[in-house]
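Protein chains in written order, with the numbering used here: chain A, 10 to 347; chain B, 10 to 347.
Some clues are possibly wrong.
Which copy? The list can't say, so a pair holds if one copy fits it or any two copies do.
No farther apart than 25 angstroms at their CA atoms in a straight line, the calculated lysine to aspartate or glutamate pairs in the DMTMM-like style are these [as the list claims (entries may be wrong)]:
1. Lys339 - Glu92
2. Lys332 - Glu65
3. Lys310 - Glu65
In short, the hints are calculated from the structure, not lab data.
Protein chains: 2
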Amino acid sequence: MKLTMRLGVRSYDIIIKQGGLSRVGQLINLNRRVLVVSDTGVPEAYLKTVLAQCREGVPVVLPQGEGTKSLECFGQLLTVMLEHGFTRGDAVLALGGGVVGDLAGFAAASYMRGVTFINCPTTTLSQIDSSIGGKTAINLAGTKNTVGAFYQPSLVVADPDTLKSLPERHFINGLAEAVKAGLIADEGLFELFETEDAHEKIEEIVYRSLVMKKNVVERDEREAGLRATLNFGHTLGHAIESANHLGGLYHGECVALGMLPMIEDASLRRRTRAVYKKLGLPSRIRYDGDEIFEFIRHDKKTGPDGAITVVKVPRLGECRLDKVPLEDLKAIIGEGVR
Amino acid sequence: MKLTMRLGVRSYDIIIKQGGLSRVGQLINLNRRVLVVSDTGVPEAYLKTVLAQCREGVPVVLPQGEGTKSLECFGQLLTVMLEHGFTRGDAVLALGGGVVGDLAGFAAASYMRGVTFINCPTTTLSQIDSSIGGKTAINLAGTKNTVGAFYQPSLVVADPDTLKSLPERHFINGLAEAVKAGLIADEGLFELFETEDAHEKIEEIVYRSLVMKKNVVERDEREAGLRATLNFGHTLGHAIESANHLGGLYHGECVALGMLPMIEDASLRRRTRAVYKKLGLPSRIRYDGDEIFEFIRHDKKTGPDGAITVVKVPRLGECRLDKVPLEDLKAIIGEGVR
């Protein structure tokens, strides 16, 4: 399956294809220097498959985990490119999950003010969500995605075969973003989680999630308004993630939790919780409300007026932006999601 | 005098005005958090003038010199912003020369994927050249401008009064970019250097140089083609600068040297040398040709095919792009500019 992200001169294709990883070189020129960025969580066989297609592939395998989205690793990638004589015509290829994609994308955006960026997401989370949209980022002092660029890839190849090697919890974690896509814009996608087996329907889930995101990003590339709806569950979710990153909750799990208080209809909230249970996503958490609030205060979406725009879902498949004074949000946050 | 850079939604004004530094707050909203980035070479009085206009100004004064355009200083600025709770609605203001502008601009481009950037250049070089055009950058491992972003400021205020405090050599250094503007596109500007006193005509020199650059940047914001003409003298100039940064040659001085071998008309070369002598710019240098060649090999403008596009001036006010194999360039470089 192929989707084309239509963004004028920054348009690009998203290929969803079994075995796609071994065909990247047929879709884009790899006859040049290619920095292939991966992490220790990605099977070595995938790296070999990609490198075999590059004229001059330079692999960098970073430690798996959020800690890799750092200024230090950013500098490391740039230095490797410089040492290998990368020019403006060369490329960066991300092979891994969101951490690898975000970091490698920011390096591609910044090296010589921008070289070709190819994204090959290998996790459900990155195939469903982070690989498209052009948001690249690193973390700073424990705050997520503080530094980065809007920078579109030239090609995205999502190979569903790569999901088979994921640990189950990791596989399920990514589905939270697909549940999100259903809740805010695609009733049928949400109902698919209620009635079908997610493993069997994974290609359809990835495809429908990407269609939803593509429609939003095409109309609002740089998050002037509409695109903010994609942040559904992310304000609270990011804060939970920041507070719990030692507690080991995954990004999707945090987003799943973060969506619940923003669903206004009680019966939809129950249905969502039931989907979480079926999938194995967490649906309850206790936390320190003050700590969570501190993280939200530093959120990019918090305005200078001390208000923050959050996304609410009044009913299935619909959402709206709501500007809330930070103090009011404190009441919504409470001391946990229950 | 006011110029408007017309770049669609990224349009902005350039104000050239005596005493402009004390009126920035009348031109743009400073009623927010403003990171004011300066260096030890900028008189403290200017910093005070700017801070007095900000509701919540956060000054950062970095060591003067090219060493400040580093990944470390980039991280420092971002960390200060995060610690002070900067949000997307806040701003970064550069107060200084090209080093400060390039570094602060890249930080503004990257913090939360972009906050408002205000540039107040206080040197001839930055007023004439680096403050407009939207190129931001830091250096990496001694190679100039390897990392950065295309990111337009929201306002540029060039106050000619600030040039009065510059050491003479520093003042003259910046004029090299104005001589460049004359050579490639404005006969009258070049002749002004031959017939008039540069100190007396500085406002006109700044204005005409900016008009030339504005016309080029408007037609080619991201250097697809035409904009490359602004690199006249810079390929060799940057290499000389990289090789000599301990020898203490300034950027403009290096560009002045770098232009000479690219002027094809012998009589124009003589006239240019005469202008350099009048101003006090260097017109001859000996160097290690192999070392210079190594720096050029790493230049952003070098393509994967091992050729580089250089700018040549066939006659006064005209220029053309010329794609040269690196090996041929070696002959042009020689062992010095004579």
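Would you list, in rising numerical order, the hints stated earlier that this structure does not obey?
none
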